[in-house]
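**Student:** Bring the two chains, given one by one in their own frames, into a single complex with the hints.
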Amino acid sequence: MDDSVSAPHFLKPLLRTPFHRRARPLCQVEEFIAWAGYSTVDVFTTMEQEYFAIRNAATLYDLTPMVKYRIAGPDALDYLNRLITRDVTKLKVGRVAYCIWCDDAGLLIDDGTLFRLSEREFRLCTAMRQIDWLAAAAIGFDVVVEEVTEQVAALALQGPTSASVLRAAGLDAAMRLKPFEIGHFEAGAAPVMISRTGYTGDLGYELWMNPADAEAVWDLLMTAGRTWGLRPIGSRALNVARLEAGFLSPNVDFLSALHTIRVGTGRNPFELGLDWLLDFGKGHFNGRRALEQVRRAGPSVRLVGLDIDGNKPAHDALIYAGASARRRLGAVTSAVWSPTCKRNIALAIVDASHAALGSTVWVEIYLNRELVWERRMARARVVDRVFFAPERRRATPPADF
Amino acid sequence: MSARTAPRREHDAIIVGAGHNGLVAACYLARAGLDVLVLERNPFVGGAAVSRRLYGEFTYSNCSYVCSLLRPEIIRALELPKFGLQIIPYEGGCTMMRDGGHLALYDNHDALRREIGRHSKRDAEAYERYSRDVMRQCKFIKPMLMREPPDPTSFKPRDIAELLFLARRFHGLGERRMADTLRFWTMSAADFLDEYFESEIVKAHFAGSSIIGTALGPRSPGTAYVLLHHYMGDIDDTVGAWGFARGGMGAISNALAASFGASGGRIRADAPVARILVKGGRTRGVVLEDGEELAARLVLSNLDVRRTFLRTMDPQDLPPDFLRQVRNFKIRGSSGKLNIALDGLPRFPAIPPESPCTRGDMHVTDTIEMMERAYDDWKDGRWSRAPYIDMLIPSQIDPTMAPNGKHYMSVFVQYCPYELAEGPWNDTRRRAFGDTVIETIARHSPGFKDLILHAEIRTPWDIENEVGLTEGNIFQGELTMDQLLFNRPIPGYAQYRTPVAGVYLCGSSAHPGGGVMGAPGANAARAVLRDLGRKAAA
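Protein sequences, first through last, are from chains A and B.
Using the working numbering, you'd call the opening residue of the first sequence number 14 and step up by one each time.
Using the working numbering, you'd call the opening residue of the second sequence number 1109 and step up by one each time.
I should point out that these hints are in silico values taken from the structure, not numbers from a laboratory.
Only a predicted model underlies this, so the values are computations on that prediction, with no experimental measurement involved.
Beta carbons: idealized from backbone N, C-alpha and C, even for Gly.
Among the hints, a few may not be true.
Said to hold, decoys possible - A short, non-exhaustive set of chain B residues, derived as facing chain A with CB atoms under 7 Å:
1. Y1214
2. N1216
3. R1222
4. R1230
5. E1233
6. A1234
7. M1243
8. R1244
9. K1247
10. P1460
11. S1463
Said to hold, decoys possible - Sample of chain A residues lacking proximity to chain B, with all beta carbon distances greater than 12 Å (derived):
12. F23
13. G242
14. V265
15. T273
16. V307
Looking at chain B on its own, in the form it has when it is part of the complex (with noise of 0.2 Å):
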């Protein structure tokens, strides 16, 4: 098909950044039959979900950290396990708090239900009308993920039939449930966890997930939508469970790119885009930051929808009020992260010898109120003096991510601005942000500091500079009700398609957005084959 439509040689697509959505479209475009290239500005692929050594034998997820939404039909249809990917369920979780006691999440329901009943017996059996109603909303949103948004404004067939598909599926929870969805979509984590819990503590650990990644504070609104966001994946069809890639983040793009060099796809690294050229119109390829220049019928753009729009192409090829409304679009870095080399497993002497729950997600922040502070110095133009963070040794299940008997932590930090009050991002601000972190888990940790062995420290600055993501926001743009379904990344153009002829978006700015789900990659490569009429690979 290529060699014939042009002289030189021109690609059916150019993907523009190999990040993990972007490999998800190459995989399904090259499964299609298309000739495919997949250009990345770093000398490594994945974007955000790598594994990188940057001490020894020591294997960080730099970015992202944890895995669960990475849908398992995509798993299937581009056969990941056959290219070595691996995902592995954690074996629970628990929040320190600052008087010594601790609150541990089990697998097994029963120690779990006791474990809750320690702090509150009441919590302990209303955590089950909890998980019942997430699991309600989940069920009704999750069909929504692998499927395109209708546009509310179309009166073509396939919208028409895809808003009916949202009304019936609405319309069928009856009118209670219809009303708490909506509540759902727009209230906050802590209004919605009041309805369930009366102790501090479950509440706090609870709301963690309606933070992450997201620049608002567990009292604002839109909040509890981001909670359930997290509670949308699943791991060999257990609801909300979360997991390591064995090997790192990286081994999901790893797989990625390995199923689509096995169809035929070729990768390009170093290969940094400067512009997405338009003529007529419609888009005719890409030129690189050294000049040359990439021709293609079709353009993927993995970047984010600012990053896209505002740096990759010519405002002169876009229509002005989707400019606008490109601008606006809210993608705020909140988030920070550390990757820890540790000399050998931390103490931890608020959680009894022997307990699972430190294979898992550990946090230390034990109220509402503790992290409403923390997201109100962001908000100040500083990092949380007392920050939420979210800590994981992979190392304890991952035999492969550290030498035997060494240690590998990944700490996500929740709230780091973009940019400081006090001045510019630089070495020493890095480094105190990094010790504000590291005194945090001491508190926890006797003993900790000195089994640091090297530890790299990234601001919301770092991630934008190194993955590309605009403010380092890890979403590509803030998960609310104004930036989500038919609105997402902007009204109107939710459908992966955009102004330009040929040019698509592909990363998690459109729909359903962030979170290593693969859904916005896969999404997009089946609108382009419907354009191009064509049929995906099931």
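Just chain A, same shape as in the assembly (with noise of 0.2 Å):
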């Protein structure tokens, strides 16, 4: 049943989570995907409902695949702060904070979620693996980086109704977290620790757990939420998701500055929007030189958010300035028909100059008619880039659904 055991990495290079004796079987279409070193589930039976189980009910995701670093000892909050932009002398014990961090040359290495356990120790959960940066920036830091991705087993539970499965699976005093809160709770018998954060940008709650308790968690959740609606879903639905809420994908909307090999293609926070994680106000941070610098000067290309005619995803597209396609101003970094908004909604990288919401664009789309391709020159407006944010997701206590 489980060969991943036994199978060496040559023959089995991609790990299995240990919620996959219980998502194998439910994943109708066979569309698996390698996220990070694990074999992951893309969809279980149609993109469309899980999506929807998103926006309408509950769902939920295994999220194991995401790496996570033990960060503890005495120097461990003076490491995080000269890590990271944001300070992270103002995160309390049981709350957790978006953050990001950056090279010597204020390139932004990653993005990820910072929670304070202790004192003195902390997790640090992010998108790639990076041991070799953070060891390097531990140098003189009384301080253990350790990686724990396969020690922990994590489940993404979001949706309006997923406080209502917490409640049904006797997990109500989850109830009382406000958004980046963490609490430790018992599923059944198994200590779970659970925070509530997400990437939906709904209502959702992240359960972490041990291992060996993950498929008991998966049941009881699954059980209690016959009567929400809950259904398990694959990373292609929780993606258009993400992008309605405005949030980045590593290496899709930016590459981390580990791995750019070309000049020019790593990307600051200004330029990213994230500009906001920034605090000069702290005292040292790594890569702070540089981006005083770009703070003064100002970015040259910025991510924004673009409301497009037409429903026709803008995959891959370059931007111009007009219909003319004369002067590029840059391109589509991810595209998705939001079937909440109704909106034909895209993340891009443009020039400065037609950065300022409410600027138009041309964008260059490539239509499929019946294997007959045409080329569509679509007008765009620069918006907010969260395209949705429900009021429900910050309730607290949330409401039934």
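**Tutor:** Written out as structure tokens, the structure reads:
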């Protein structure tokens, strides 16, 4: 049944998550993807059904491959405060912060969520493995940085009825959690840490547990969620939701400075609209000197939200100043038809001259009309990149649905 | 053109030596409409890119044995696939350790990360930084491969434009990467690898390509560049990938010869050139060893710079200062080769069953220290007692190399001196050298010796005598900074032209150097055509 244990890595390079034996039989369409060294489900049934469960009911998403680091020790706070651009001293125990970190040139390495588990212990969740960088940054600090990805199983429970599912599972106590708050609970007999965090821009929680308890917690939630419309979802549906919420996807909307080969392909936080995460008042942090220069000069390109005419997603499209496609302004990084907003939305990197809200740009879209290709120049408006942000995501205690 | 300029037959160009670069140059010239004759002293073409049958139905890649650097522009322009060339990538690689362990390299990114992670989790991720930095340098250097290096002392518009191209590319790197580039070109492979990895076995595996064909140790400054040189190729856009030419490396030369023939060119084998003839500072052809004179307006030498000017030209025809620099050109023999016919597939107990890592390059040097000690032996005028070997079994992938169920093994050996301290090379010493290599393999492969049906053992002395490469140096000259770019082979003569009008260098003594790249041949042909006021085929 589970051959991952015995198969050597050169025959089965991808690991299976602790939820694999539960998720595998529910995946009807055999659509899997490799994610950070694990095989995970891309689609269980149909992308649309799964997407609407995120916005209408509740969803379970296997988050285990998210790379997790345990950062602990007397200097853990100082270490993180030098690494991360936000002021980590303001992060209280039991809270989570979205954060970014940069290389010496002020280019973004990654974004992630930082959990403060105690005075001296943190968990950093990231998109990609980077112990090489985190360990190099730890020189001179009394701190332990270790990857714990395989030691922690994780599930995202997201959607308007997700709080109801928790209650039905006997986790009523978790209802008190405010956004970005952490609590420790018992799911049946299993200890779980629950954080009110997520990647959907909706009401939702993330559950962190011992891999040995993974199947029991899955079973508990799936049973409790039966009357609340709970269903497992894959990465494809989640990607639509994250784009509606305006969240960046690493390796899609930006490339880590640790991986860029060409000059000029790295991005700084000003360009990505993440400068609200920079705290120049807190003292030194990595990349600060370079970022102060960018702050003075202003970014030359910026990541923006686009609202595009028509209904054809502008995947990989080039962006121009006019319909004549003479002056290039940039390119789309992510695009999707938003089923909730009924808008044709995208994230794009454009020249700073056209990055102001309300600017008009033109997007070059290729249309496949029964294998006959057409090129269309579609008008687009620069808009706030948070396309969908329902109030229910913040309400505490959460509403029933 | 040729018919009307001379009463007796005068060729537009004669190419001395049918190595792959000579053939590449010949192809480009013939395609531009020149009447080209290629002269080869051996009864077969290819120089050091040959496939030969010395034992039964086994095909050996006698000298060079794997392919990566051959420029895709050349393969395309000369239509080599049409003439039978196919290159198949390796499926892995490994280093077997003295304690029975191993490090494998896998194509799959996740398998590779987990494999390196068995030795060091940190190194598994440092590998990404290492690959990134190597790729950054490759991106910088690669566009220079197919260009004629500028003469930094010249004020000709073309040289100034090329220098500007170099300067702009260099400047475009930014301060940090400019510094990295300079360090990369000058530092030792060991120092370079220390900046990334902590595990000895990981460092040893990657250090291998820094010493191949080079009379330097992994701790010698300049070897980081040699390492980079081996990453500069690609197969189907996979940068740094290496592969087998189907049918052995001779398939490259044979495809080139066929392409040349299809453009009307002619090759004469068994036609050793004794002298390049010069009259009034200008070449007028060559004379063969049997005294036959062949007239040509241009002579391109595929021989290395030392052999061309010290053994194939009259010193009276050359400037003394130039000759002094040619004599000092570093071209030291440091590599040997074994080609072995095997009765079956050897067993390597260190490698787990079903691992594809044996379908690529295999090694047994598990520390940099061991590699440096192997170099120490070379300095003492002996072959390494524990040599670095680059061992492949192409017949696992290419069915044309050996009878079904049997195998051909190619073993490249570093280090082996051209001149032994104990006396000249002879059969006894050659056998002893071969035994050292076979013992080295047998330590990792029980029963290996019983599988051997035939072995061809080649010392640098043998390679010089058969192929003509001075001291058997595989790159036609060391790839060190003092002999690269506008200093290759000789400052002031880096543009394929020589002090004698009409004589050109087209072998890998010229920029950008060796490795079965074909770029020196293509660039030399372009220089010739420019001098004639013609354009090369795209």
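**Student:** Would you mind marking each hint as holding or not holding in the structure?
**Tutor:** Hints versus structure:
1. Hint status for B:Y1214: holds, given a least beta-carbon distance of 5 Å to chain A, under 7 Å.
2. For the restraint placing B:N1216 at the interface with chain A, the shortest Cβ-Cβ distance is roughly 4 Å, inside the 7 Å limit, so the hint holds.
3. Interface restraint check: B:R1222 against chain A, minimum CB-CB distance 4 Å, threshold 7 Å, status holds.
4. At a threshold of 7 Å, the smallest CB-CB gap from B:R1230 to chain A is about 6 Å, leaving the interface hint in force.
5. Annotation: B:E1233 was flagged as interfacial toward chain A, and the flag holds, the nearest CB pair being 4 Å apart, inside 7 Å.
6. Nearest Cβ of chain A to the Cβ of B:A1234: about 5 Å, under the 7 Å cut. The hint holds.
7. Given the 7 Å rule on beta carbons, the hint for B:M1243 holds: about 5 Å separates it from the nearest Cβ of chain A.
8. The interface hint given for B:R1244 holds, since its Cβ lies 5 Å from the closest Cβ of chain A, which is under the 7 Å cut-off.
9. Given the 7 Å rule on beta carbons, the hint for B:K1247 holds: about 6 Å separates it from the nearest Cβ of chain A.
10. With a cut of 7 Å, the hint placing B:P1460 at the interface with chain A holds, because the nearest CB-to-CB distance is about 6 Å.
11. About 5 Å separates the beta-carbon of B:S1463 from the nearest beta-carbon of chain A, less than 7 Å, and the hint is met.
12. Non-interface call for A:F23 relative to chain B: violated, since the shortest CB-CB distance, roughly 5 Å, does not exceed 12 Å.
13. Here A:G242 stays apart from chain B, with its beta-carbon at least about 35 Å from theirs, past the 12 Å limit.
14. The Cβ of A:V265 lies farther than 12 Å from every Cβ of chain B, with a closest approach of about 18 Å, so its non-interface assignment holds.
15. Not every beta carbon of chain B lies more than 12 Å from that of A:T273, the smallest distance being close to 8 Å; the non-interface claim is violated.
16. Against chain B, the non-interface label of A:V307 holds: every CB pair exceeds 12 Å, the least being about 15 Å.
Violated hints, in rising order: 12 and 15; the structure is consistent with all others.
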